[in-house]
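Residue numbers (the working numbering), protein chains in the order written: chain A, 1 to 524; chain B, 1 to 116; chain C, 1 to 115.
Straight-line alpha carbon distances no greater than 27 angstroms define the calculated DSS-like cross-link-like pairs of lysine-lysine that follow: (1) A:LYS471 to A:LYS311; (2) B:LYS115 to C:LYS79; (3) A:LYS397 to A:LYS471; (4) B:LYS110 to A:LYS311; (5) B:LYS110 to B:LYS26; (6) B:LYS101 to B:LYS115; (7) A:LYS311 to C:LYS79; (8) B:LYS115 to A:LYS311.
Calculated from the structure, these hints are not laboratory results.
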Amino acid sequence: MITDAIIANSPALLVMIPLIAAFACPFIGRISPAVRNIWVVGAMVLTAAMALLLAGEVFSSGTVVYTFGASAPGMSVPPDSGGIPVRIVFTVDAMSALMQIIGAITGLSIVLYSIAGDRRHTGLESYYTLYLLMIAGVMGMVSTGDLFNFFVFLEILSISSAGLIAYRIDRGVAVEAAVKYFVLSTIGAMVILVAIGIFYGEYDALNIAVIASRMQFTLLDQVALVLMIAALGMKCGAVPMHFWTPDAYSMAPSSITAMLVVASQASLYGLFRVVFTLYNVTLNAATVGWIIIVLGVLSMVVGVTMAIPQKDVKRLMAYHAISQTGYMLLGVGVGLAVLGNQSLLDAFGYVAMEGGIFHIINHAMYKGLLFLTAGAIFYRIGTRNLNRMGGLGHNMKYTMVFFVIGALAIAGIPPFNGFASKLMIYESVFMFNPILSIIAMVVSILTLASFVKVFHSIFMGPRLPEYADVKEAPAPMLIGMGILAAVVVLFGLFPGVVVDHLIEPAAQALVNQGAYISAVMGGA
Amino acid sequence: MLVFGTIPYLVIVALAVIGLATAALKRNLIKIFLGITIFESAINLFLVSLGYRDGAVAPIFTDAPSTEMVMATPQALTLTSIVIGVATTALLLSFAVLIWKHYGTVDTDKIRRLKE
Amino acid sequence: MDLIASLYTGSGYWNPLVWLIAIVVVFVIVYLIWSRGESGYKKGTLQTTPFISGNPEPEKSGVHVPGGNLYWGYTEALKGYYSRLVPLHTGRLNDYLLWYLGVTAIIMVVVVVTA
Chain A
1 MITDAIIANS PALLVMIPLI AAFACPFIGR ISPAVRNIWV VGAMVLTAAM ALLLAGEVFS
61 SGTVVYTFGA SAPGMSVPPD SGGIPVRIVF TVDAMSALMQ IIGAITGLSI VLYSIAGDRR
121 HTGLESYYTL YLLMIAGVMG MVSTGDLFNF FVFLEILSIS SAGLIAYRID RGVAVEAAVK
181 YFVLSTIGAM VILVAIGIFY GEYDALNIAV IASRMQFTLL DQVALVLMIA ALGMKCGAVP
241 MHFWTPDAYS MAPSSITAML VVASQASLYG LFRVVFTLYN VTLNAATVGW IIIVLGVLSM
301 VVGVTMAIPQ KDVKRLMAYH AISQTGYMLL GVGVGLAVLG NQSLLDAFGY VAMEGGIFHI
361 INHAMYKGLL FLTAGAIFYR IGTRNLNRMG GLGHNMKYTM VFFVIGALAI AGIPPFNGFA
421 SKLMIYESVF MFNPILSIIA MVVSILTLAS FVKVFHSIFM GPRLPEYADV KEAPAPMLIG
481 MGILAAVVVL FGLFPGVVVD HLIEPAAQAL VNQGAYISAV MGGA
Chain B
1 MLVFGTIPYL VIVALAVIGL ATAALKRNLI KIFLGITIFE SAINLFLVSL GYRDGAVAPI
61 FTDAPSTEMV MATPQALTLT SIVIGVATTA LLLSFAVLIW KHYGTVDTDK IRRLKE
Chain C
1 MDLIASLYTG SGYWNPLVWL IAIVVVFVIV YLIWSRGESG YKKGTLQTTP FISGNPEPEK
61 SGVHVPGGNL YWGYTEALKG YYSRLVPLHT GRLNDYLLWY LGVTAIIMVV VVVTA
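Using the sequences and the hints given, assemble the complete structure.
In structure tokens form, the structure reads like this:
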């Protein structure tokens, strides 16, 4: 009875739980820090449970549509509205469910890590309030089927992220990073709002399914498409609009940086949702596909080459995050470029897209893990400068193991998860255009080279006198990292299962626009 | 009629260009934030003008003179967007305060300790 | 069995478990070769100290190579590339915005012209 009600309302609860928990957090925090920690962890566990419950529902019985304020959640089109869904609708298909799983796993491990890793700071009530708002923003962005609602969650996400980037003021430098991030993301979000206004003016609707079913690809639609692609591409950190990424990623607290990776991927999800679900075959697939491929290749190459000479460990990892985003853009861009041509899509398009989407979830796991290890090292020795580190492998063995797992995964070394998704991208992109595939492999080699440098300068070498009595990171931090490391290893060992059950449905959901429309409009 | 109908959109484009140009070209943080606010007003104006229907009334059924009613969605969007704009501006200005406190300047040429 | 399913990539397949078995076999062979090695050396004599052309061994903390010195040759060789790329990251907020607006304009032209 009650479980049925929870499952039926899980899309709403998914956003509601973190929102309520967030705004209650400052009051709970007045009782005692311990109660607040239990409250935050409890809220995050519940949110993750909702996300996994909902994802299970989606993967077993298809797209879930949830209409707010309707007499029944599935009633997206009121009978007296003339066939238009007037209410806010959450449309959770396989792609959304995949993103929710990412948000749930990373969100949970980050919260566990944060309980120990950030306890020395002041103002933790606000910290957790903003953190839970970030979770709500990510979950809302990936679930919503309404464009304006997407904009609102995007703004919730970017306001709370900006607050958290500036959280550790750090003599003003963190605030500088936050200003850069926030000015860009505000303008980006407003440009998205312009595009939404254009859709509303043209099609009198805000629901993605309705707009998709009426899409004409007129001049105005082209303008709206470009505004969306550029803004969401900037928010996910595609070169040459990536400049805010290293600033923000390096100055945010490490736990938040790991969450910012997920936030960027929510923007990436938005980008894919726009080109595949909103436009699909109406757009000029080759042109737009190549634009995304070019952005992807630029991101891969510039990201990794900028990473190699970096001296700040988190800045270096941030450039790698840009570079890895390039792989996702490349994979899905190749899928987009052959959209509408069924034989090419079957030959390599689907595999390329699956590789790109698989890389999203893999990247969230191993990059989150790497940022958390960087945070653990910062927590113990108080510097992020690679030149001043060395010999920490003697004292921080578990952190070193987790770092190695993350570094091998990002470099695409078997048997970790990065290899599986990169292999799918290499082989499918090779059939599309061999040069792109070769670039991708070279970038992977440079990634490995760069992480060899990081590994050497942090962990290798003799025990340095100034770090002689450094201790291992506290247990909750290790548990947080351990969850992500376990997922990295498991996804690496059983990629076939993951691709069959999670990734392939997600890729199908993106390509199959008709299914998305009929889920909302009811077989129209 | 056509000319009159396009005036709001011309104003919107002008405001948007002014806002974006201010944000992109001015070096003073406060002026950049002003540019963002102007751009935001342009968008709010855009949303409101989208909702304008000649001769239609507000969707209040009591004693309505005609049944030609305006869909209230754009107004709702505008209100939401204004609220978000207030939050955005407040956060940006508080960042400016902190930057001024720690850097002693609001010139973007000098706020570049993070680069390369 | 579903768990040991291979990952098909269109032109090949990947099975991590087969790979793991292969790696284990390789490690066993390596161990066997290693265990055949000379074990009769004397600890604490010259046989276990590093030989640096007869020079005395430096302090352990003096031989650490910090991160900044790695890949010096790589960046030196690609100087032409790096001297152009790195200064683009100016750290000025205005430049960030102009890049974003410029990319939007370029994509706009490409999409509208080809449509």
